[in-house]
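Residue numbers (my numbering), protein chains in the order written: chain H, 5 to 203; chain U, 5 to 203.
Calculated from the structure, these hints are not laboratory results. Computed from a predicted structure; not experimentally measured. Positions of the beta carbon are idealized from the N, C-alpha and C atoms, including for glycine. There's no promise every hint is true.
With the Cβ distance kept under 10 Å, some of the chain U side facing chain H (calculated, not the full set) [to be verified]: (1) A74; (2) D76; (3) L106; (4) D145; (5) L149; (6) A157; (7) Q160; (8) A189; (9) R199; (10) S203.
Quick look at which bits of chain H chain U covers, simulated, 3 or more residues with Cβ under 8 Å [as the list claims (entries may be wrong)]: (11) 79-86; (12) 154-162.
Negatives, chain U to chain H, calculated, CB over 12 Å [said to hold, decoys possible]: (13) E20; (14) A38; (15) K40; (16) P45; (17) R79; (18) S95; (19) Y99; (20) V168.
Number of protein chains: 2
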Amino acid sequence: MGRPRHPLLSTDRIAEAALDLVLATGGFTITGIARKLRVQPSSLYNHVSGRDDIVELLRERAMSEVAVPADDPGRPWRDVVADIARSYRRSFARYPQLIPLLTSHAVDSPQAITMYDALAVTLTRAGFTPADTLRTISLVDSYVLGSALDVAAPDQPWHTRAEVGPELAAALATGAPKPERADDAFEFGLAVLLRGLSS
Amino acid sequence: MGRPRHPLLSTDRIAEAALDLVLATGGFTITGIARKLRVQPSSLYNHVSGRDDIVELLRERAMSEVAVPADDPGRPWRDVVADIARSYRRSFARYPQLIPLLTSHAVDSPQAITMYDALAVTLTRAGFTPADTLRTISLVDSYVLGSALDVAAPDQPWHTRAEVGPELAAALATGAPKPERADDAFEFGLAVLLRGLSS
Numbered sequence: 005m006g007r008p009r010h011p012l013l014s015t016d017r018i019a020e021a022a023l024d025l026v027l028a029t030g031g032f033t034i035t036g037i038a039r040k041l042r043v044q045p046s047s048l049y050n051h052v053s054g055r056d057d058i059v060e061l062l063r064e065r066a067m068s069e070v071a072v073p074a075d076d077p078g079r080p081w082r083d084v085v086a087d088i089a090r091s092y093r094r095s096f097a098r099y100p101q102l103i104p105l106l107t108s109h110a111v112d113s114p115q116a117i118t119m120y121d122a123l124a125v126t127l128t129r130a131g132f133t134p135a136d137t138l139r140t141i142s143l144v145d146s147y148v149l150g151s152a153l154d155v156a157a158p159d160q161p162w163h164t165r166a167e168v169g170p171e172l173a174a175a176l177a178t179g180a181p182k183p184e185r186a187d188d189a190f191e192f193g194l195a196v197l198l199r200g201l202s203s
Numbered sequence: 005m006g007r008p009r010h011p012l013l014s015t016d017r018i019a020e021a022a023l024d025l026v027l028a029t030g031g032f033t034i035t036g037i038a039r040k041l042r043v044q045p046s047s048l049y050n051h052v053s054g055r056d057d058i059v060e061l062l063r064e065r066a067m068s069e070v071a072v073p074a075d076d077p078g079r080p081w082r083d084v085v086a087d088i089a090r091s092y093r094r095s096f097a098r099y100p101q102l103i104p105l106l107t108s109h110a111v112d113s114p115q116a117i118t119m120y121d122a123l124a125v126t127l128t129r130a131g132f133t134p135a136d137t138l139r140t141i142s143l144v145d146s147y148v149l150g151s152a153l154d155v156a157a158p159d160q161p162w163h164t165r166a167e168v169g170p171e172l173a174a175a176l177a178t179g180a181p182k183p184e185r186a187d188d189a190f191e192f193g194l195a196v197l198l199r200g201l202s203s
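So that you can see chain H by itself, here it is in the shape it has in the complex (with noise of 0.2 Å):
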């Protein structure tokens, strides 16, 4: 038998062309997909339900680096949260651009379940109410998601012919070059976000 001169559709394939086309415009309509697919769009409901299913391809993709730790009662509370908080950052940070897709939609992908449940598990065992364990995994979500597009930041966040004050121009004059002045600010905030937490 020949190969196929097209490789067979599958789910892969319909998140990567979605995933392109979110990195090239934006966004992704089906109708795109199925025409950098060279398929009609027709035959893309024989692998996915819908748009919603190919966000949810799109936040696998985006969790994809998220390493959520063995469950262990003896381990302190911050340490479990912070070890999640960095390994979600970093995965999300490889695509900026999905991030205000994904928390535009209900989530459902098994990935992020798992990891907002060790969340959940972790803060309750640790003494939080359920409301604010639901308002700690929020604050660990937008500081998350927020310190991810500040990955993708250029380098010198400023442009030169801003007039800025003393105290602003002081401050800017302190800032490693990028990749290290994200990570930097994301560890000092990680601490004060802990710090907050348990005071």
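Assemble the complex: chain H is given as a structure, and chain U must be docked to it using the hints.
Just chain U now, with coordinates in the frame of chain H:
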């Protein structure tokens, strides 16, 4: 004199067209803006110097409702930072789709500089070193932008078919409907952050 059939080209109309394109497709091109405004791409260059200029026009839109409080050395620094963070989030929450575009370009708009200057003055006066002033500005930035994205999250941030553990289920059950949930989580996180910065 008769009125021109099309409104005159202006930076405002260029910004509006760019914003429409980002909201519809996630991004914009000079060609796309020209097509939308029915002008030649070269005409745009009488008003803007290029793509970076247009991104700054979009930043000004996103920041147009940021209120920087009048400088008052007698006011607690936490209150000033909280005020800025609240209005910054509210202003950006109107345009979540702009966020990755804005964070991937160097800041060069007067509104943004005014806000960052106010943060730098306030933090420096409170005794933060220049390096910690920069880190704290990054922390506020990341948290606010992530929280602005959370405002655009769906009312039900989770699909019901996702199987979640009992701790996460209990936490999710405490969530008020949007926008109360997002507002409540933001205020909780802001308090955590300010507590962590103070200790």
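Hints versus structure:
1. Contact between A74 of chain U and chain H, as hinted, is not supported at the beta carbon level, the nearest pair being about 15 Å apart and thus beyond 10 Å.
2. For the restraint placing D76 of chain U at the interface with chain H, the shortest Cβ-Cβ distance is roughly 16 Å, beyond the 10 Å limit, so the hint is violated.
3. Using the Cβ-Cβ criterion of 10 Å, the hint placing L106 of chain U at the interface with chain H is satisfied: the shortest such distance is roughly 9 Å.
4. Look at D145 of chain U: its Cβ gets to within about 7 Å of chain H, closer than 10 Å, so that hint holds up.
5. Of the supplied interface hints, the one on L149 of chain U holds, with its beta-carbon coming within about 4 Å of a beta-carbon of chain H, less than 10 Å.
6. At about 6 Å, the closest approach between the beta carbon of A157 of chain U and any beta carbon in chain H falls short of 10 Å, and the interface hint on this residue holds.
7. Among the interface hints, the one on Q160 of chain U holds; its C-beta lies about 6 Å from the nearest C-beta in chain H, closer than the 10 Å criterion.
8. With 10 Å as the threshold, the beta carbon of A189 of chain U comes within range of chain H, its nearest partner Cβ sitting at about 4 Å, so the hint holds.
9. At a threshold of 10 Å, the smallest CB-CB gap from R199 of chain U to chain H is about 4 Å, leaving the interface hint in force.
10. Here the hint on S203 of chain U is kept, as its CB sits about 5 Å from the closest CB of chain H, short of 10 Å.
11. Residues of the segment 79-86 of chain H lying with their CB closer than 8 Å to a CB of chain U number 0, which falls below the three-residue condition for coverage.
12. Coverage of the segment 154-162 of chain H by chain U holds. Counting CB-CB distances below 8 Å, 7 residues qualify, and the rule asks for three or more.
13. For E20 of chain U, the shortest C-beta to C-beta distance to chain H comes to about 17 Å, beyond the 12 Å cut-off, and the non-interface label holds.
14. Look at A38 of chain U: its CB is around 17 Å from the nearest CB on chain H, clear of 12 Å, so calling it non-interface holds up.
15. Against the 12 Å criterion, K40 of chain U stays outside the reach of chain H, whose nearest CB is about 15 Å from its own CB.
16. With a cut of 12 Å on Cβ distances, P45 of chain U stays outside the contact zone with chain H, its closest approach being about 18 Å.
17. At the 12 Å boundary, the C-beta of R79 of chain U stays outside the reach of chain H, the nearest C-beta of that chain being 16 Å off.
18. The Cβ of S95 of chain U lies farther than 12 Å from every Cβ of chain H, with a closest approach of about 15 Å, so its non-interface assignment holds.
19. Look at Y99 of chain U: its CB is around 10 Å from the nearest CB on chain H, not clear of 12 Å, so calling it non-interface is violated.
20. Against chain H, the non-interface label of V168 of chain U is violated: not every CB pair exceeds 12 Å, the least being about 6 Å.
The structure shown violates the earlier hints numbered 1, 2, 11, 19 and 20.
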